[in-house]
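Asker: These protein sequences, in sequence, are chains Z and D.
Positions in the first sequence are counted from 1; adding 11 to them yields the numbering used here.
Positions in the second sequence are counted from 1; adding 11 to them yields the numbering used here.
A portion of the hints provided could be inaccurate.
Footprint (simulated), chain Z over chain D, 3 or more residues, beta carbon under 8 Å [claimed, not checked]:
1. 29 to 35
2. 42 to 50
3. 53 to 64
4. 228 to 238
5. 296 to 306
Hint data in this document are derived by calculation from the structure and do not stem from the laboratory.
In this text, all values refer to a predicted model and were calculated from it rather than measured experimentally.
All C-beta atoms in this analysis are idealised placements derived from N, C-alpha and C, irrespective of residue type, glycine included.
2 protein chains.
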Amino acid sequence: MTAEIICVGTEILLGNIVNTNAAFMAEKLARLGISCYYQSVVGDNEGRLKEIALAAIKRSDIVIFSGGLGPTEDDLTKETVSEAFGRKLIEDEKAWKQIVKFFEKRKLKLTENNRKQALVPEGSVVLYNKNGTAPGIIIESDSTKAILLPGPPGELIPMWETYVDEYLMKQSAEFLLSETVKICGAGESMVETDLKDLIDGQANPTIATYAKVGEVHVRVTAKGSDEKECRKLIKPVVKEIKQRFGAKIFTTDENVTLEMSVIQLMMENKMTLTTAESLTGGMLCSRLVNVPGASNVLKQGLVTYSNKSKRKYLGVKRGTLDKHGAVSEQTAKEMAKGGAAQGKTDVCVSLTGIAGPGGGSEDKPVGLTYIAVCIDGKVKVREYLFEGERAKIRESATVAALTMLRSCLLESMTEKTFSTEK
Amino acid sequence: MTAEIICVGTEILLGNIVNTNAAFMAEKLARLGISCYYQSVVGDNEGRLKEIALAAIKRSDIVIFSGGLGPTEDDLTKETVSEAFGRKLIEDEKAWKQIVKFFEKRKLKLTENNRKQALVPEGSVVLYNKNGTAPGIIIESDSTKAILLPGPPGELIPMWETYVDEYLMKQSAEFLLSETVKICGAGESMVETDLKDLIDGQANPTIATYAKVGEVHVRVTAKGSDEKECRKLIKPVVKEIKQRFGAKIFTTDENVTLEMSVIQLMMENKMTLTTAESLTGGMLCSRLVNVPGASNVLKQGLVTYSNKSKRKYLGVKRGTLDKHGAVSEQTAKEMAKGGAAQGKTDVCVSLTGIAGPGGGSEDKPVGLTYIAVCIDGKVKVREYLFEGERAKIRESATVAALTMLRSCLLESMTEKTFSTEK
Chain Z
12 MTAEIICVGT EILLGNIVNT NAAFMAEKLA RLGISCYYQS VVGDNEGRLK
62 EIALAAIKRS DIVIFSGGLG PTEDDLTKET VSEAFGRKLI EDEKAWKQIV
112 KFFEKRKLKL TENNRKQALV PEGSVVLYNK NGTAPGIIIE SDSTKAILLP
162 GPPGELIPMW ETYVDEYLMK QSAEFLLSET VKICGAGESM VETDLKDLID
212 GQANPTIATY AKVGEVHVRV TAKGSDEKEC RKLIKPVVKE IKQRFGAKIF
262 TTDENVTLEM SVIQLMMENK MTLTTAESLT GGMLCSRLVN VPGASNVLKQ
312 GLVTYSNKSK RKYLGVKRGT LDKHGAVSEQ TAKEMAKGGA AQGKTDVCVS
362 LTGIAGPGGG SEDKPVGLTY IAVCIDGKVK VREYLFEGER AKIRESATVA
412 ALTMLRSCLL ESMTEKTFST EK
Chain D
12 MTAEIICVGT EILLGNIVNT NAAFMAEKLA RLGISCYYQS VVGDNEGRLK
62 EIALAAIKRS DIVIFSGGLG PTEDDLTKET VSEAFGRKLI EDEKAWKQIV
112 KFFEKRKLKL TENNRKQALV PEGSVVLYNK NGTAPGIIIE SDSTKAILLP
162 GPPGELIPMW ETYVDEYLMK QSAEFLLSET VKICGAGESM VETDLKDLID
212 GQANPTIATY AKVGEVHVRV TAKGSDEKEC RKLIKPVVKE IKQRFGAKIF
262 TTDENVTLEM SVIQLMMENK MTLTTAESLT GGMLCSRLVN VPGASNVLKQ
312 GLVTYSNKSK RKYLGVKRGT LDKHGAVSEQ TAKEMAKGGA AQGKTDVCVS
362 LTGIAGPGGG SEDKPVGLTY IAVCIDGKVK VREYLFEGER AKIRESATVA
412 ALTMLRSCLL ESMTEKTFST EK
C-alpha cells in the first residue's frame, strides 16, 4: 500500500511556516508500514491543486491532504478533491451543529461563509473536529482513498490520532505494530554497529535507528495477522536490544522523553533536585519544567552566569575560580555540591562550559564543558567537548547533563540496594 | 520568474526530520520576489526523482534541488538532473582538491566513492563547499536553470548565502530589496488594521506582515533598476511605519532578535540584570543567554519553582505567599524587587503563572501569569492570560517578559532624561 502527502497552503510556499504537518504524517505512515514516496506543497490555486491532486490519485493508493478547508473562497481543497472524485457537496447536519456550538462557546459571530465548512462530499466519511470548525473527510473510490485534514497542527494531530490511525490500520491486510527503544549516552553509529547483525538478519520485525540530539531511537516494527502475533515477534528482539544496551535505555514508551524519565526516576525515589547552570543558561531547567508535575522534584534552578553569582548562590570558592577558572572540573564540582547544600535538595546537577563563539583558547576551546552531579553529598564530574554553533553546543550540553544525571541516579540507587542488603 | 523546490531524501519521506531546508529556501525566494508554486519531496529513487524533476523543469524557470549529492550509490540527484539536461559528468579538479583537503584536515580516510562527489555536469557552474564535501551545481539551458545544493542545512545555508542569492538576483531584470520592521507588543490583526491603507495603496514597495510568537514582522519590498532606487522607494514607507508603531518597533535589522535588542539596550546603558522565573522555568534566561556577550548584562537567573525557593532566593514574604498565593501580583512584585536586591543588579524581571495542564481554578485559570519588572528599586507589574498548551503558554510568557522588560527600560530611560534636563 502506498500513500502520499499533499499540503495546501501559501504560507508554506512563502517559507513563512515550517511544514511540521508533513513530518508528523510521514512518521505516522512509516510507523504503519505504509510506503510514502512523494510529499508535495501547493498553494490555494485551483489549477495547480487539481494538477497535483490528479497525479497523486493516479499513482498512490491513499492521498492525504492537509489545509485549505477554511471558510474563505481561497480554501479549495474540498471542492477540488470532490470534483476529482465526481462527488457533489452536501451539508452535514452534525458538522454544522458543531460549528454553531464552536462559535457560541467563544461568543464569536457566525458568517454565511462558515456554512461552507459544513459541506462534505456525498457518501464520504466525516471526521468531526473538536478543536476547530473544519471537519475532516475521507472519500473512497475503488482505486483510491483521499483523506482531507485541516491545516492547523492543533486540529490535524488530534484528528489523526482519533480517526486516521485506526482507519489506515484497517486498510492494510496485515497488522502492523512497532515499539521504540530509546537510548541515551550512545551515538547512532555505535548503536548501528552494535545492532548490525540484528538489523541485517531480520526481515520481520524490521529494525531501524533514528538519531536525535544526544539520543538514538530504535524502532522495531512487526507485520502479522493481529496484535498478538506482532507482539510475539517484537518481544524477543526488544529483549535482545535491552540486553545489549542495558541501562542506556531510558524508555520503551514512545511518549516518554528523556527529561520525563529523569523526573519519574526521582519521583519514585522521592528525591529533590536543584539545577546549577552556566553556559546552558536555564535550558536544562526549562526542559525539566516542561514535564507536568516537575514541581514535585525540581525545587529551584540557579543560572549562575557571573563568577560572583557562582560564589553567592552556590558557594563556589573564590580561590577555586582564581586558580582553575570558571570552566573547570573543580568549579563544576563545587557548583553541584554547593547547589545541593544551599538549595537543601538531595541532588544537584551543574554545568559550566564555553558556548562560544568567543571565549575559547588553546587550553580551553569553545565547546569544552564540565558537568557534575552531586547525590547525597557525593560528587561526580565529567569533561565533554561539544561541536557546532553556540545554540547546538548548549543543546548538546543540556542533553548530556540529563543523561549523566540519569546514570548517576541509577548508580547511586544500585549502591544503596547493595548497602541495604549487607 | 517562477521557481520550484525539490528536496531529495528518504529521511524526510519517513518523517525522521522536518524539512527546514524547504522553508529556508522558500523564504529566500519570496524575499527575492520569485514566485514559488510547488515544493516536492522525493526519495533516492531514480524513476521517481526523474518523474518529479522532468515535470518541474517543464513548468518552472528555476528548479532548486537539495540533497542526494552524497558519495554513495543511493545519491542520484546529480546523475538524474544531468541526464535530464543531456550533460555528461566530468571531474572538477578544484572540487576534488577541496575534498582531499577536507579529509586530510579531519584525519579521515578517503574512499573511491568520494571521487564521485567531484564529478560535475559539463559546462555547469560549480559552487564550492566550505562546510562539506559535495559541491553545489548550477546547470543552465535556454529555458530552465537547475540549482543543486547539498542536503545538510549547515552546508546548504552558507552555500545559498555565498552563491545562490546573488545568482538569483542577477536572473531578474529588476533589482529587489527588502527591509523588515520588527514589532513587539502588538498582535498581527492590529498591525494589519493599522497598516491597511498602506498595504492596499502600495504596489511598489509591497508591504507584508508575518506573525511570530509575540512579534509581528513587517516586510517592505521594493523593485527597481538598482539598489539606490529601491532604497529610495523603501525609505518613506519604513519612516511611516516607524511613526505609526513608535517604540513598539525593536529593530529594522533582519538579524536582530528581540532578546538581542534587550541585551543591546541594557549594554548601552550599562545596566545589569537578574531574571526570576517560575512557570517559564529558565526559558527566559536561556533565550537571553543565546545572545553572544549576554554575560555583560545578565548576572544570574533564578528559577524559583517552589515557594520555599521564592522566599530563600528572592526574599518573597511568607505572608504574601499565604495571603495572595504564588501566582499573584504581589508575589511577582516581591520576586522582582527581591531578585534585584539580592542579586545586586539594576534590573530584575520576574514571572509567576500557571502553565497547566493542572493547577488551574476558576479564580486563577491555566495561563494566568503575572510579570513584574524592577528597575532601580521601582516595580511595575502586569497581568496576562495566555492560551494554548503548557509549552505554548510558557513560550508566550517568555516573549511577553522580554517585551515588557524592553518597554519598562525605555520608559525609565525617558524619565531619567527628563529629570536630568530639569
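Asker: Now, for every hint given, state plainly whether the structure supports it.
Answerer: Structure-based check of each hint:
no., hint, in the structure
1, 29 to 35, "holds (count 6)"
2, 42 to 50, "holds (count 4)"
3, 53 to 64, "holds (count 5)"
4, 228 to 238, "violated (count 0)"
5, 296 to 306, "holds (count 9)"
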